[in-house]
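S.K.: One line per chain: the protein sequences are A, B and C, in this order. Read left to right, the first sequence gives residues 1 to 458 (the working numbering). Read left to right, the second sequence gives residues 1 to 131 (the working numbering). Read left to right, the third sequence gives residues 1 to 532 (the working numbering).
I should point out that these hints are in silico values taken from the structure, not numbers from a laboratory. Hints may be right or wrong, so weigh each one.
[What the hints assert, rightly or not] With a straight-line Cα cutoff of 27 Å, these simulated DSSO-like cross-link-like pairs (lysine-lysine) come out:
| hint | chain 1 | residue 1 | chain 2 | residue 2 |
| --- | --- | --- | --- | --- |
| 1 | C | K409 | A | K322 |
| 2 | A | K348 | C | K360 |
| 3 | C | K197 | C | K224 |
| 4 | B | K68 | C | K437 |
| 5 | B | K107 | B | K8 |
| 6 | A | K348 | C | K48 |
| 7 | B | K57 | C | K409 |
| 8 | C | K224 | B | K68 |
| 9 | C | K437 | A | K322 |
| 10 | C | K437 | C | K409 |
| 11 | C | K360 | C | K200 |
| 12 | C | K200 | A | K322 |
| 13 | C | K83 | A | K348 |
| 14 | A | K348 | A | K433 |
| 15 | A | K322 | C | K224 |
| 16 | B | K57 | B | K107 |
[To be verified] The calculated label-pair distances, taken between Cβ atoms and stated as ranges, are:
| hint | chain 1 | residue 1 | chain 2 | residue 2 | range |
| --- | --- | --- | --- | --- | --- |
| 17 | C | R351 | A | R414 | 52 to 60 Å |
| 18 | C | G262 | A | A151 | 42 to 50 Å |
| 19 | C | R94 | B | A4 | 51 to 59 Å |
| 20 | C | V43 | A | D26 | 39 to 47 Å |
| 21 | A | D203 | C | G74 | 33 to 41 Å |
| 22 | C | G262 | B | G41 | 36 to 44 Å |
| 23 | A | A151 | B | A39 | 27 to 35 Å |
Predicted, not measured: the structure shown is a model, and the values here were computed from it. Note that CB positions come from ideal geometry on N, CA and C, so glycine has one too.
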Amino acid sequence: MSSYTAATEQDIEEMLAAIGCESIDDLFEAIPDGVRFKGALDLPAGKPEQEVYAEFAELAARNTSADDEVSFLGAGMYDHYIPSLIDALLSRAEFLTPYTPYQPEVSQGGLQVMFEYQTAMSELTGLPVSNASLYEGPSAVGAAAYLAKLANGRPRHLVSRGVHPHSRETLQTLAVGYGTTVEEIPLKDGITDIEALKEMMGDDVGVVILQQPNFLGSVEDIRSLTAVAKEHDALVVASCDPIPLGILEPPGEMGVDVAVGEGQTLGNRLDFGGPSFGFFAAAQEHIRRMPGRIAGETRDVDGRRGWVLTLQTREQHIRREKATSNICTAQALNALAGVVYLGWLGKKGLVELGELLVRRTAYARDQLNQIEGVTALHEQPVVREFAVQLDAPVEEVIRICQSKGVNPGYAIGRDYPEFPNGLLVALTERRDKAQIDLLAKVLAEAVAQARVQTGAAA
Amino acid sequence: MSEASYPKDLLYHQEHDWVRLDPAGEWATFGITWYAQDALGEVVFYDAPEVGSLLTKDESYAEIESVKAVSDVFAPMSGEVIEVNTSIADESGVINDDPYGDGWLVKVRLSSVDEKEQLMDSVAYQALLGQ
Amino acid sequence: MSDMASAETAAQHAAGELGEEIIRPESPLGMTGETPQQRDAAVTIYEKSKPGRRAFFTPSTEVPEVPLSDLIPGQFLRSNPAKLPEVSEPELVRHYTRISKRNFDLDSGFYPLGSCTMKHNPRLHERVAALPGNSRLHPLQADSHAQGALELMWNLQEALGEIAGLPHVSLQPSAGSHGELAGVLLTKAYHEDRGDKRTKVLTPDTAHGTNPATVTMCGYEVVKVGTNADGGVDLDDLRAKADDQVACLMLTNPNTLGVFDGNIEEIASIVHGVGATLYYDGANLNAVMGISRPGDMGFDIVHFNLHKSFTQPHGGGGPGAGPIAVSERIEPYITRPQVIREQAGSGEEPRFVLDYDRPKSIGRLRGFQGNYGVFVRSYAYIRSLGAEGLRQASELAVLNANYLLARLKEEGVAEYLPVAFDRLCMHEFVLSGAPMKKELGIRTLDLAKRLLDHGYHPPTVYFPLLVEEALLIEPTETETKETLDLFADAVADILREAANDPTIAQSAPYSTPVRRLDEAAAAKTPVVRQPL
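Given only the sequences and the hints, what does the whole structure look like? Please build it.
M.R.: Below, the structure written as structure tokens:
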């Protein structure tokens with residue numbers, strides 16, 4: 001018996017008697033001797049809760065979290081302030097412990113949350129239909145590509161180089177299964193090169209995938225790019241950062257077919273990259289091709305308003321090999337955090353937050369641009385993130401900054417070899433003016449020091 | 001339609017589809033039988049083929065969805081779709097209520113009228129169901 | 001069943017006019033304290049909004065308040081704000097708290113959903129996941145500043161590898177079906193690297209729907225393999241279908257019928273004999289931890305559902321995680337990045353790093369390195385239980401399932417809900433409601449809905465497809481004998497009640513926040529958002 005089981009010796013005896021077996025071992029007689037594991041698994045012995053906690057506290061202490069440094073890391077996940085009411089609500093047993101709502105009569109809480117979440121994401125993206133969440137951002141981009149494949153079966157999928165490297169790589173990995181080819185649309189001056197897109201377009205292009213703002217922080221001209229794609233009837237997918245959507249024109253207003261994105265920034269922890277959620281919203285015509293769970297409103301036999309999982313015939317448990325995706329588990333708890341966060345920000349709060357981010361990001365870019373050896377990578381409008389090029393080895397600069405308690409951002413050289421000492425700097429409302437000024441100061445010192453260490457400018 | 005019914009003037013295919021031949025023999029109407037709609041449950045969506053598309057006998061040409069199931073609809077004979085029943089989109093339950101009348105699925109210009117010899121009559125089809 | 005007399009009786013039952021025959025638990029399913037009006041009022045947060053109300057107050061900008069259109073051209077800006085709710089914080093809390101009480105949950109009651117492994121979710125796991133060193137750690141933090149996290153991931157990899165009996169583990173997939181996707185893509189990469197183009201994947205007809213869906217997404221054709229009279233794979237059918245076009249056989253053992261396929265060694269031999277890989281769907285691992293290892297059974301690729309055997313809370317439908325363990329020959333293709341341990345110089349501590357240098361890797365299936373928050377919880381479970389605890393968990397899961405089966409094989413139940421395969425089961429078993437439907441006039445669905453009135457979440461219904469009117473029951477090891485007894489008694493009660501009057505179950509439930517919902521209407525005319 002352990003903390004989590006209750007079977008006493010007496011219980012076991014009684015149960016075995018009812019079953020008609022002599023010992024627990026007899027219950028496993030169907031397992032042939034050749035595959036019966038002998039002895040014990042080579043794992044350490046179990047420990048009581050108190051000791052497990054101590055071990056985990058020690059491990060956690062060896063991580064430098066956003067509490068331990070002033071962090072300008074972004075690139076898909078952002079250090080926004082999560083209100084305490086989210087922790088409280090998510091820890092409720094009624095949200096934390098149930099399964100997917102297969103019995104709607106006793107799952108109205110979860111289904112109503114899904115419906116409210118779907119409404120919020122539909123509002124943000126300007127598209128009428130949203131599902132109840134996918135795993136996270138890049139795999140949602142992959143799911144959008146699958147929808148395009150189901151919709152038109154065309155072999156070529158185009159993706160902007162401004163789309164997150166993880167999303168682009170996920171598309172390549174999945175394309176092997178989809179039987180499509182993924183081609184990259186180049187960037188020019190920090191945004192997608194529309195002339196290059198025109199050259200690449202054809203009637204064999206099934207989908208054009210863009211990101212807003214793009215990975216380098218730029219606001220893209222989604223409307224114009226979409227128009228080019230539509231000349232050849234291709235689908236358009238926009239992968240969006242949800243908070244900037246509070247102030248940017250939503251993709252649904254610009255002819256985009258599917259909007260997806262990473263939802264972590266909405267009320268979810270950094271958690272070293274997961275769990276979070278991906279959102280997926282689409283134009284009405286695609287509703288029957290959408291992946292993931294969808295909650296729909298209906299009435300019960302007595303006329304009460306209620307919600308159910310609907311359009312389940314898209315899904316794996318019914319349509320099996322012809323399903324719109326293979327998804328079973330989604331990210332319900334994380335989507336709950338998302339919808340509560342949006343309710344907490346509220347209609348005005350989301351807009352004000354966006355405006356604050358735009359102003360602080362512009363200020364930060366200006367400040368950094370003035371540092372010797374630091375140049376803004378492009379001049380495009382930005383919302384909450386921007387890239388600079390350093391005149392010194394970026395890894396060394398980061399190391400020096402971190403030693404002074406500031407994490408200046410993400411080195412993009414591995415993903416963008418054309419910017420070998422590129423640095424991506426992200427802002428949230430937690431990075432106030434004093435911290436931005438501190439970044440400027442520390443970065444200036446670090447760049448100067450790194451330049452000296454390596455001789456002349458790199 | 002609550003009572004099972006298999007009209008005598010129709011021909012039947014083993015995948016639970018019926019055929020109503022136009023007297024001149026050049027075209028026919030297809031639909032699904034009472035048994036099929038009963039097995040599916042309440043129909044919620046008819047994924048119809050396009051006018052002009054070509055059907056091949058014994059191959060799937062459409063899908064019908066209920067809440068908990070999706071069913072392929074198989075062509076009982078070959079030909080070209082000349083008309084699709086668009087009223088189903090407004091009220092999909094007509095397939096349950098009137099599978100042989102207003103619940104018809106497609107009208108087809110037949111390419112091989114002789115294929116009708118391979119279909120069953122009402123008696124033979126009901127015998128198949130009885131098995 | 002829908003004649004006038006029963007409809008009328010059903011209405012009387014619903015209105016409570018037929019007296020104490022109806023089970024109306026005093027505190028059904030956590031609904032304590034809600035008045036009927038409150039129960040009926042399913043009001044959304046949008047409907048509760050009032051212009052001007054707010055919970056969040058924006059910090060002061062502090063930097064120059066440059067006009068927005070100076071920074072971003074007006075053509076890119078939104079003309080109308082998103083119509084998010086406008087409510088105060090107490091309203092938010094009350095709204096979501098109140099609707100949470102309309103959920104049945106595992107902490108509150110027995111949840112024997114077959115194939116889902118609804119075992120207790122220890123709250124220690126929440127505490128360690130919430131440690132700031134974990135929850136506030138950015139995924140792109142430098143490896144040297146994330147050693148605690150990387151070591152934890154590496155330790156979890158090692159532990160899962162040991163449990164699976166396969167040496168190499170990737171934690172990247174986010175759910176079981178994501179792990180399946182990884183597994184089939186890895187199989188594809190393995191074959192293509194050998195210059196061998198294969199076109200088909202075999203799955204048993206009892207497979208979970210994610211299996212065939214995954215196969216199609218990977219560009220393979222699904223071929224179904226039959227099940228024999230004992231509930232295992234039909235070996236003759238397998239031999240007939242296993243040829244050099246087959247890339248993989250996807251199996252779970254024990255399977256979705258709750259049966260351990262004793263022919264697994266022969267199956268592995270047939271599959272490997274044609275050069276195909278053998279994939280293990282780990283959904284049923286709870287039956288065999290420390291007792292039999294998929295790697296020893298001959299599987300090449302195994303996925304785990306951390307939200308099943310390893311107690312990650314189900315969260316109402318996620319998050320989860322679906323790590324995979326693979327054999328030596330599959331390892332080169334595993335996703336990027338992979339957590340590895342580097343031995344530093346002598347006398348120095350080993351270092352843990354994210355390794356991207358994997359030239360044959362299939363690439364990535366998601367961003368960053370996976371659902372780390374789930375890894376923390378699962379690893380805490382493994383550290384709490386240890387080798388012996390894990391084995392014991394499986395033993396007691398199988399004991400509980402067999403005991404509940406024995407109770408349900410008693411007279412009064414067995415003749416209406418016979419077990420599909422009459423042998424010792426593993427951690428779950430399938431009953432068929434076909435005789436119940438024929439003799440008593442109530443279906444598995446009706447039994448499930450009536451169980452709601454008794455305060456239970458029903459078992460899984462209508463899966464696996466192979467069994468008519470299926471009822472798939474998995475109690476798990478964290479339930480007491482008394483709970484199992486009470487559940488068996490409730491089933492017997494419902495059958496007795498149905499023998500007297502089937503209309504009661506046919507119109508159940510009566511005591512839940514809503515009664516049976518019109519799913520057909522929801523599918524015909526989907527209303528998937530609030531109009532605003």
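S.K.: Hints first: check each against the structure and report whether it holds.
M.R.: Do the hints match the structure? See the list:
1. Taking the CA atoms of C/K409 and A/K322, the gap is about 38 Å. The hint is violated against a cut of 27 Å.
2. Distance restraint check for A/K348 and C/K360: the Cα-Cα separation of roughly 49 Å exceeds the 27 Å cut-off, and the hinted pair is therefore not satisfied.
3. Distance hint between C/K197 and C/K224 is fulfilled; the C-alpha atoms sit about 20 Å from each other, no more than 27 Å.
4. Distance hint between B/K68 and C/K437 is fulfilled; the C-alpha atoms sit about 19 Å from each other, no more than 27 Å.
5. Between B/K107 and B/K8, the direct Cα distance comes to roughly 19 Å. Compliance with the 27 Å bound is thereby established for this hinted pair.
6. As the CA atoms of A/K348 and C/K48 are separated by approximately 16 Å, the hinted pair is consistent with the 27 Å bound.
7. For the hint linking B/K57 to C/K409, the alpha-carbon distance of about 48 Å lies beyond 27 Å, and the restraint is violated.
8. Distance hint between C/K224 and B/K68 is fulfilled; the C-alpha atoms sit about 21 Å from each other, no more than 27 Å.
9. Under the criterion of a C-alpha separation no larger than 27 Å, the hint pairing C/K437 with A/K322 is inconsistent with the structure, at around 30 Å.
10. For the given pair, C/K437 sits about 17 Å from C/K409 by alpha-carbon distance, which is consistent with the 27 Å threshold.
11. Of the pairs offered as hints, the one joining C/K360 and C/K200 holds, with about 23 Å between alpha carbons and a cut-off of 27 Å not exceeded.
12. For the hint pairing C/K200 with A/K322, the CA-to-CA distance comes to about 15 Å; that is within 27 Å, so the pair holds.
13. This hinted pair checks out: C/K83 and A/K348 have alpha carbons roughly 9 Å apart, not beyond 27 Å.
14. Taken as a hint, the A/K348 and A/K433 pair is honoured in the structure, with Cα atoms around 22 Å apart against an allowance of 27 Å.
15. Between A/K322 and C/K224 the CA atoms are separated by roughly 14 Å; this keeps the pair inside 27 Å, and the hint holds.
16. The suggested pairing of B/K57 with B/K107 holds, with an alpha-carbon distance near 14 Å, which does not exceed 27 Å.
17. Checking the proposed 52 to 60 Å range against C/R351 and A/R414 shows it is violated: the Cβ atoms sit about 19 Å from each other.
18. Separation of C/G262 from A/A151 is about 46 Å and conforms to the stated range, judged on CB atoms against 42 to 50 Å.
19. As the Cβ distance of C/R94 to B/A4 is approximately 53 Å, the hint placing it in 51 to 59 Å holds.
20. Separated by about 55 Å at the C-beta atoms, C/V43 and A/D26 break the suggested range of 39 to 47 Å.
21. Take A/D203 and C/G74: their Cβ atoms lie about 35 Å apart, and the range 33 to 41 Å holds.
22. The hinted range of 36 to 44 Å is satisfied by C/G262 and B/G41, whose Cβ atoms lie roughly 38 Å apart.
23. A hinted range of 27 to 35 Å for the beta carbons of A/A151 and B/A39 is consistent with their spacing of about 30 Å.
The structure does not agree with the numbered hints 1, 2, 7, 9, 17 and 20 stated previously, though it agrees with the rest.
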